[in-house]
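Enquirer: So the chains spell out like this:
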Amino acid sequence: MEELLRMEGIDKRFGSFYANRNVNLSIMKGEVHTLLGENGAGKSTLMNCLIGLYTPSAGKFFMRGEEVRIDSPRDAVERGIGMVHQHFMLVEDMTGLENIILGDKRHSTPLLRQEDDRKTIEGLMQRYGLEVDLDERVADMSIGMQQRVEILKVLFRGADLLILDEPTAVLTDLEVQGLFDIMRSLTDEGKSIIFISHKMREVMHISDRVTVLRRGECIDTLEIAKTTEQELADLMIGQKFEESVYAKVNATDEPMLQLTNVSYHPEVKHGGLKDVSLTLHKGEILGVAGIDGNGQAALASLVTGLLSPESGEVCGPDGKSIALFSPQAFIDAGFGNIPEDRNKMGLVGDMTIAENLVLKQTDSERFSAGHGAWLKMDAIRDFAERLREENDIRCTSVSQTARSLSGGNQQKVILARELESHPKLLVAVYPTRGLDIGATSFVHDQIVAQRDAGCSVLLVSADFDEVLKLSDRIVVLFEGQIMGTYPGANPPIKEISLAMAGK
Amino acid sequence: MDFLVNSLPTILNATTLSAAPLLLVALGELFSERAGLVNIGLEGIMAVGAFVAFAVGKMTGNLWLGVCAAVIAGIAINMIYAFCTVTLCVDQVVVGMAINILAPALALFGYNMFVGANSANATGVVMERLSIPGLSQIPYIGGPLFNQQLLGYLAFLLVPVVTYFFKRFRSGLSFRSVGENPQAAETLGINVIRIKLVACVLCGALAGMGGAFLSVCMTPIYIDGIVMGRGFIALATVIFGRWSAVGIMAASLLFGFFDGLNVALQAQFNAAPVMFFKMIPYIFTIFALIFFGSRHAGPKANGQPYYRESR
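Protein chains in written order, with my numbering: chain A, 756 to 1258; chain B, 4 to 314.
What you were told as hints is all true, and nothing was included just to trick you.
Distance condition first, Cα-Cα at most 25 Å in a straight line; then the derived BS3-like pairs of lysine-lysine:
#1 A:Lys874 with A:Lys860
#2 B:Lys170 with A:Lys860
#3 A:Lys1115 with A:Lys1131
#4 A:Lys784 with A:Lys954
#5 B:Lys303 with A:Lys1099
#6 A:Lys1037 with A:Lys1179
#7 A:Lys874 with B:Lys170
Which bits of chain B does chain A cover? Going by a derived footprint, with three or more residues having C-beta under 8 Å, they are:
#8 167 to 173
#9 178 to 192
Cβ pair distances, simulated, as ranges:
#10 B:Ile104 with A:Arg868: 44 to 54 Å
#11 B:Tyr310 with A:Glu1144: 29 to 39 Å
#12 A:Glu877 with B:Leu160: 33 to 43 Å
#13 A:Arg882 with B:Leu68: 52 to 62 Å
#14 B:Tyr310 with A:Ala1078: 42 to 52 Å
#15 A:Ser1152 with B:Met116: 51 to 61 Å
#16 B:Leu292 with A:His960: 52 to 62 Å
#17 B:Tyr310 with A:Glu763: 26 to 36 Å
#18 A:Asp766 with B:Leu68: 53 to 63 Å
Because the hints were derived from the structure by calculation, they are not lab data. All values derive from a computational prediction rather than experimental measurement. A virtual CB, placed ideally from N, CA and C, is assigned to each residue, including glycine.
Take the sequences, apply the hints, and build the full model.
Expert: What follows is the structure in structure tokens.
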């Protein structure tokens, strides 16, 4: 087969941190080539170098055997390289057509020639089976259609190499199937695709070859027909990957958190709570299963003190009814919280890792004099260094901003902060959303370790597999109501699935 | 009611006269904000424009040379803003405020050097009105619309030009994308930095021209404080006009109308304190912003610095 692109010795440094180191990669004509790697393995950085958004610190690119320089996105476009970004690069206030022709220079006139371009685009739509309403504003389109606009944008510029950065993360199962059909019709026409994903099932299904990246380095390139999911997972995390199986425990009778007939905006089907009663015992993981948008957010806010219930009673670890719903009161009562959205609620992105780690304890004697009036910077730094070590937080320094970390490492910072004080009760909401398998199993291990140490965990997750794997007991939330309570050991999966659908 | 009917011609005449400078400046700001740069330094640029136009017009005896000089001066001042916000990514509001403090002081300094004790230099001439035969005879609106100074006509003619530019020109589309989603624009090979700089040039030029209007078309003099908050009203006009040239024209005319009303009321009720009526356009501005000032409508990346290689 003919080689389309070759990378030789690509390095990309940010300060002293290597996001990519000596990457060699070769893409053939007409293949789907998957880049596999954990979060922070350097996949996105490498692709940003290839499309000219970043300038590599060292290394060479070859297109069809000839060395090329890619210094700007325009260069990449001219070489026939186009990328569909994970977070779409679309102007929401413009129509599909405007987005596709934006910045294109095929016509030498200063005026737009929308109708000519429309014909070209409609030709592409037909050829590759891409259905798009060109006159609709992007903001009004479904996610799937926005993605097709992105693909058309790339094709319109005559790309031979398409980079799809985690394109399936935002799609429903049906849309994923549609995307795969499109990808196949593209490769049948001789286009090449770099596919970035960490969903093993999809990788095995669609790829021709796979290259595994780890810690910025290229580990190996394999033919998909000659490898297995297990081998890829092992290469990706750099050790034998064993999906852990956690033992389930029988709950004690000692209640740590008790909700009795709690309601919060019960008239709101997708966001309220209606007569919720549940009990979390000492030393168990209680999983709250349900499809996203059935009251999980309200429940999580209630049991962390962000919201007060409209009616009903919440009893804390001391068995007394909680009167004051404020986050501080809940923290003082021994609640730890892994919030839903790590960027918005879990971390202050522009503050350093060290600062984020002590955020809850700045008033304590340990880190400040005079209740937070004078911070003991040395103590904070030592503390942060220790947590970094213990939790394998990968960063160049604890004084870099939290925002600059990958998702998995951000979650490690949150876990480190919340678990360091050995909470009596941990509220974990979507704790592994957007994390790869390595980071996910780290989070799972930590949660189970807390339970084994006597902590009670309320696990709220829309990932059913996660709930099944971790929970000692399971409740199902549907339209703000508890549909039933089920055992975590040998759970009646069918029954639970039906309950999640409201039956 | 009688009062309104009787003074309507006066009000309407004053409407276009005070709308024109707002329109010029607000169109400049439109270019700036469409490229994601909120420039609140308009007030300062206008002051410099007004002074330079006055001084150069007086020295050379040619008002158009004065206007050109004001345009150049406006661009020069706005390059400070461009360097700080585009190159250094400093907070746009802070830089704009700094220009509002710096530029009027520069203008006053220049004025004191130029006029000094020589009071013969203190008064210039006003640009002549150019009446369009026939059209200017239309009752009520003929005068205000078709008996303006050339600079006034220019302001209103810019509206279709700007509209057309953003709708039909390839560069207009690119321009808008920079204010909405600069990352997306960059990935399509659009030179975001260059467009932002061009926006600053246009904004400076038009704001300088708007300033010149004050000392060349409205009055034959320059005094300290001549801008009287018009730069900020122009800023409000852009929001009120929903970031479209036609909307901005409508908003400018509305503000102009209230300014005209203020003039008419002053003449009618000469016993009342002048300041009371002078408040009208400003109070209207506040109300317009309360009801229409939602930030959601503007360009999405408006006011945000753009770092090219950020992680």
